[in-house]
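Participant: Given next are the chains, with one letter for each unit.
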Amino acid sequence: MQQFIQGMSQALEPQAILYLFVGTVSGLVIGTLPGLTATMAIAILTPLTFWLSPNEGLAMLVGVWNSAIFSGGISAILINTPGTPASIASTFDGYSLTRKGLAGLALGINVVFSAVGGILGILALILVGFPLARFALSFGPAEYFSLAIFGLSTMVAVSGKSIIKGMLAGFLGFSISIIGLDPIFGSERFTFGRMELLSGVSFIPVMIGLFGVGEVFYQIYAFTHSEITSEKTVGQLGRVVPTFKEIKGMMPVSLFSSVIGIIIGAIPGAGADIAGLVAWDQSRRIAKKPDEYGKGSLEGLAASTTANNACLGGALTTMMSLGIPGDAVTAVLIGAFIMYGVQPGPIMFRDRADFVYMIVILMVLANIAFLSVGFLASKILTKFLSLSQSFIWTTIIILSLVGAYAINNSPFDLFIVFVAGTLGFVLRLIDVPLGPIVLALILGPMAEANMRRALILSRGSAFVFFTRPISLVLLILSVVSILGSLIRKKKT
Amino acid sequence: MADLIFSLTTLCFSIYLFVGSSKLPKGVSNIPGPGFFPNLLAWVILFLSCALLLNGVWKIIKRKGQRIIRGRWKRTLLIIIGTFVYVLLWGKGNFFINTWLLLLFIQLTTKSKWYYALIGSTILSLSVYLLFGKIFHVMLF
Numbered sequence: 001m002q003q004f005i006q007g008m009s010q011a012l013e014p015q016a017i018l019y020l021f022v023g024t025v026s027g028l029v030i031g032t033l034p035g036l037t038a039t040m041a042i043a044i045l046t047p048l049t050f051w052l053s054p055n056e057g058l059a060m061l062v063g064v065w066n067s068a069i070f071s072g073g074i075s076a077i078l079i080n081t082p083g084t085p086a087s088i089a090s091t092f093d094g095y096s097l098t099r100k101g102l103a104g105l106a107l108g109i110n111v112v113f114s115a116v117g118g119i120l121g122i123l124a125l126i127l128v129g130f131p132l133a134r135f136a137l138s139f140g141p142a143e144y145f146s147l148a149i150f151g152l153s154t155m156v157a158v159s160g161k162s163i164i165k166g167m168l169a170g171f172l173g174f175s176i177s178i179i180g181l182d183p184i185f186g187s188e189r190f191t192f193g194r195m196e197l198l199s200g201v202s203f204i205p206v207m208i209g210l211f212g213v214g215e216v217f218y219q220i221y222a223f224t225h226s227e228i229t230s231e232k233t234v235g236q237l238g239r240v241v242p243t244f245k246e247i248k249g250m251m252p253v254s255l256f257s258s259v260i261g262i263i264i265g266a267i268p269g270a271g272a273d274i275a276g277l278v279a280w281d282q283s284r285r286i287a288k289k290p291d292e293y294g295k296g297s298l299e300g301l302a303a304s305t306t307a308n309n310a311c312l313g314g315a316l317t318t319m320m321s322l323g324i325p326g327d328a329v330t331a332v333l334i335g336a337f338i339m340y341g342v343q344p345g346p347i348m349f350r351d352r353a354d355f356v357y358m359i360v361i362l363m364v365l366a367n368i369a370f371l372s373v374g375f376l377a378s379k380i381l382t383k384f385l386s387l388s389q390s391f392i393w394t395t396i397i398i399l400s401l402v403g404a405y406a407i408n409n410s411p412f413d414l415f416i417v418f419v420a421g422t423l424g425f426v427l428r429l430i431d432v433p434l435g436p437i438v439l440a441l442i443l444g445p446m447a448e449a450n451m452r453r454a455l456i457l458s459r460g461s462a463f464v465f466f467t468r469p470i471s472l473v474l475l476i477l478s479v480v481s482i483l484g485s486l487i488r489k490k491k492t
Numbered sequence: 001m002a003d004l005i006f007s008l009t010t011l012c013f014s015i016y017l018f019v020g021s022s023k024l025p026k027g028v029s030n031i032p033g034p035g036f037f038p039n040l041l042a043w044v045i046l047f048l049s050c051a052l053l054l055n056g057v058w059k060i061i062k063r064k065g066q067r068i069i070r071g072r073w074k075r076t077l078l079i080i081i082g083t084f085v086y087v088l089l090w091g092k093g094n095f096f097i098n099t100w101l102l103l104l105f106i107q108l109t110t111k112s113k114w115y116y117a118l119i120g121s122t123i124l125s126l127s128v129y130l131l132f133g134k135i136f137h138v139m140l141f
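For the protein sequence lines, the chains are P and B, in the order given.
Residue numbers for the first sequence follow the working numbering, so the first one is 1 and each next one is one higher.
Residue numbers for the second sequence follow the working numbering, so the first one is 1 and each next one is one higher.
Please keep in mind that the hints were generated in silico from the structure rather than gathered at the bench.
Heads up, some of the hints might be wrong.
To be verified - DMTMM-like cross-link-like pairs, simulated, lysine to aspartate or glutamate; straight-line CA separation at most 25 Å:
{"hint": "1", "chain 1": "P", "residue 1": "Lys100", "chain 2": "P", "residue 2": "Asp281"}
{"hint": "2", "chain 1": "B", "residue 1": "Lys74", "chain 2": "P", "residue 2": "Glu56"}
{"hint": "3", "chain 1": "P", "residue 1": "Lys161", "chain 2": "P", "residue 2": "Glu246"}
{"hint": "4", "chain 1": "P", "residue 1": "Lys161", "chain 2": "P", "residue 2": "Asp351"}
{"hint": "5", "chain 1": "B", "residue 1": "Lys26", "chain 2": "P", "residue 2": "Glu188"}
{"hint": "6", "chain 1": "P", "residue 1": "Lys489", "chain 2": "P", "residue 2": "Asp281"}
{"hint": "7", "chain 1": "B", "residue 1": "Lys23", "chain 2": "P", "residue 2": "Glu188"}
{"hint": "8", "chain 1": "B", "residue 1": "Lys59", "chain 2": "P", "residue 2": "Asp431"}
{"hint": "9", "chain 1": "P", "residue 1": "Lys245", "chain 2": "P", "residue 2": "Asp291"}
{"hint": "10", "chain 1": "P", "residue 1": "Lys295", "chain 2": "P", "residue 2": "Asp281"}
{"hint": "11", "chain 1": "P", "residue 1": "Lys248", "chain 2": "P", "residue 2": "Asp291"}
{"hint": "12", "chain 1": "B", "residue 1": "Lys92", "chain 2": "P", "residue 2": "Glu196"}
{"hint": "13", "chain 1": "B", "residue 1": "Lys62", "chain 2": "P", "residue 2": "Glu188"}
{"hint": "14", "chain 1": "P", "residue 1": "Lys245", "chain 2": "P", "residue 2": "Glu292"}
{"hint": "15", "chain 1": "P", "residue 1": "Lys100", "chain 2": "P", "residue 2": "Glu292"}
{"hint": "16", "chain 1": "B", "residue 1": "Lys23", "chain 2": "P", "residue 2": "Asp291"}
{"hint": "17", "chain 1": "P", "residue 1": "Lys289", "chain 2": "P", "residue 2": "Glu246"}
{"hint": "18", "chain 1": "B", "residue 1": "Lys134", "chain 2": "P", "residue 2": "Glu246"}
{"hint": "19", "chain 1": "P", "residue 1": "Lys100", "chain 2": "P", "residue 2": "Asp291"}
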């Protein structure tokens with residue numbers, strides 16, 4: 001109880017609320033602009049929070065995350081272009097509603113059901129997070145190694161068209177993670193004699209490079225003016241706030257979709273985009289008018305918007321209780337947590353429960369924040385859709401470069417951002433998923449150290465990973481997720 | 001073609017990892033040393049690269065090869081080089097001028113109107129300078 005009060009008081013500090021609001025507004029703008037993802041937003045803004053206390057900084061990032069996922073739906077509804085990948089499914093019915101002259105109502109549904117999904121997702125974090133973390137406390141080195149492999153395999157299974165490319169990306173991430181001092185003996189590895197590399201490759205510059213600079217290089221390469229300008233005409237919005245009867249009618253679909261969103265969010269690697277698509281498809285089963293799906297169905301829109309925000313709670317549950325990122329955004333968030341000296345995982349629930357409660361309360365506040373400004377913001381943000389793409393690119397590039405340098409005042413980090421950015425561009429060009437690289441970079445030290453510890457404890461026997469039940473189950477699940485994905489891809 | 005390029009690059013990388021890890025102690029029978037994990041990674045990457053290489057060759061034979069998306073090579077390359085020069089010149093000259101030049105260069109290269117580019121670069125450089133240099137007290141040059 002004391003820790004809950006402590007967490008609540010940290011979350012409710014006036015400065016934290018202020019930064020949460022700043023984050024919410026930033027997220028609303030970034031999420032609305034097509035091409036700017038929530039991952040990119042958090043990667044770029046993390047260095048800006050370095051000067052803030054942990055509760056203020058995390059309040060800002062949580063605000064950005066929640067509102068960016070919500071506001072991705074605004075451009076999906078108005079111009080048929082999802083602001084973030086999480087809103088792909090919102091284009092199906094959202095844009096159809098706009099064409100019917102119901103753009104305002106669609107935006108209102110996006111606001112209400114994003115908040116419903118977000119709050120239900122946090123409930124899942126409260127209900128499942130603590131028992132899961134207690135269970136994970138019994139894990140030994142073999143289980144942790146298998147958990148890292150499971151996390152990576154699920155991300156590989158859901159990312160991109162080619163499983164082999166996804167796996168290669170993951171192992172390349174592991175290779176970057178071995179740079180620096182060996183975790184057991186402390187010997188130097190692959191440092192090229194550079195002092196800066198002794199503590200390993202810092203993953204915040206890598207993430208800024210891959211998701212910020214690399215993404216901009218790719219957009220500069222692939223962008224054609226006709227893509228964006230063709231459908232940028234937004235007419236009258238009309239009524240924005242849905243009636244109580246409309247909300248009540250959409251509730252069954254919304255609750256069903258939130259469960260799907262939470263489960264998909266909790267699976268490492270599967271993000272809000274998949275949650276939205278699966279929920280949109282599956283919710284037809286219980287919808288009152290399934291035939292209207294894809295033609296401007298209010299239920300269809302409610303399903304996708306609820307699921308993509310509910311997914312956040314699920315992803316946060318896995319990330320905070322097991323230390324395994326649920327998706328690319330939580331992978332970047334782990335970096336921010338570590339920057340503040342907190343390592344997500346079961347030990348955090350045991351030793352820093354106040355911190356967990358603080359995050360939970362901040363998540364609730366973030367949903368309340370975008371719910372309260374969402375209706376008005378949905379109208380105002382349509383103006384941002386006419387912002388020059390060139391100006392957006394330069395803003396991202398300069399914020400990425402100077403932000404990465406500013407964390408440690410290190411020109412070397414600037415160089416890492418550039419290399420990671422160029423690599424990210426090339427890899428995107430040849431369709432190699434970036435998510436597994438970042439995930440492996442984070443999980444690499446955990447995987448290696450625990451693998452070697454397990455081997456030392458078992459006197460060199462690799463059977464230790466197969467004789468311990470939890471470890472065996474996790475490894476079987478890893479194989480199943482890869483094989484399942486292979487079979488699915490073969491069928492389609 | 002994309003698969004072929006990527007697999008050949010990772011194949012070379014796995015060989016590099018083999019060479020690099022061979023210089024590190026492997027450890028004794030029950031205690032894996034610093035070279036153990038990199039060596040294991042090298043084997044896995046080598047195996048996966050070969051699989052992707054074969055897949056890439058098969059796709060070329062079957063004429064199902066994945067094409068690299070067409071885009072604007074010239075302007076992207078120019079911007080990458082411009083960014084690299086900016087990174088190289090970090091700490092030399094004046095932060096505001098270097099930043100302003102980079103931003104102006106990117107905006108002009110991406111076909112922004114010259115007056116928009118001029119105003120945009122000036123506002124942005126000034127904002128970044130004030131935010132990081134004056135508010136966050138970052139040691140800019």
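Participant: Each hint: holds or not?
Facilitator: Status of each hint after checking the structure:
1. P:Lys100 <-> P:Asp281: holds, 22 Å
2. B:Lys74 <-> P:Glu56: violated, 43 Å
3. P:Lys161 <-> P:Glu246: violated, 39 Å
4. P:Lys161 <-> P:Asp351: violated, 41 Å
5. B:Lys26 <-> P:Glu188: holds, 13 Å
6. P:Lys489 <-> P:Asp281: holds, 18 Å
7. B:Lys23 <-> P:Glu188: Distance of about 11 Å is within 25 Å: holds.
8. B:Lys59 <-> P:Asp431: holds, 15 Å
9. P:Lys245 <-> P:Asp291: holds, 21 Å
10. P:Lys295 <-> P:Asp281: Status holds; Cα separation ~14 Å.
11. P:Lys248 <-> P:Asp291: holds, 20 Å
12. B:Lys92 <-> P:Glu196: holds, 20 Å
13. B:Lys62 <-> P:Glu188: Given that 25 Å is the threshold and the Cα spacing comes to 46 Å, the pair is violated.
14. P:Lys245 <-> P:Glu292: Satisfied, since the Cα-Cα distance of roughly 18 Å is no more than 25 Å.
15. P:Lys100 <-> P:Glu292: Status holds; Cα separation ~13 Å.
16. B:Lys23 <-> P:Asp291: Outside the cut-off at roughly 65 Å; violated.
17. P:Lys289 <-> P:Glu246: Holds, at about 13 Å.
18. B:Lys134 <-> P:Glu246: violated, 50 Å
19. P:Lys100 <-> P:Asp291: This hinted pair holds, its Cα atoms lying about 17 Å apart.
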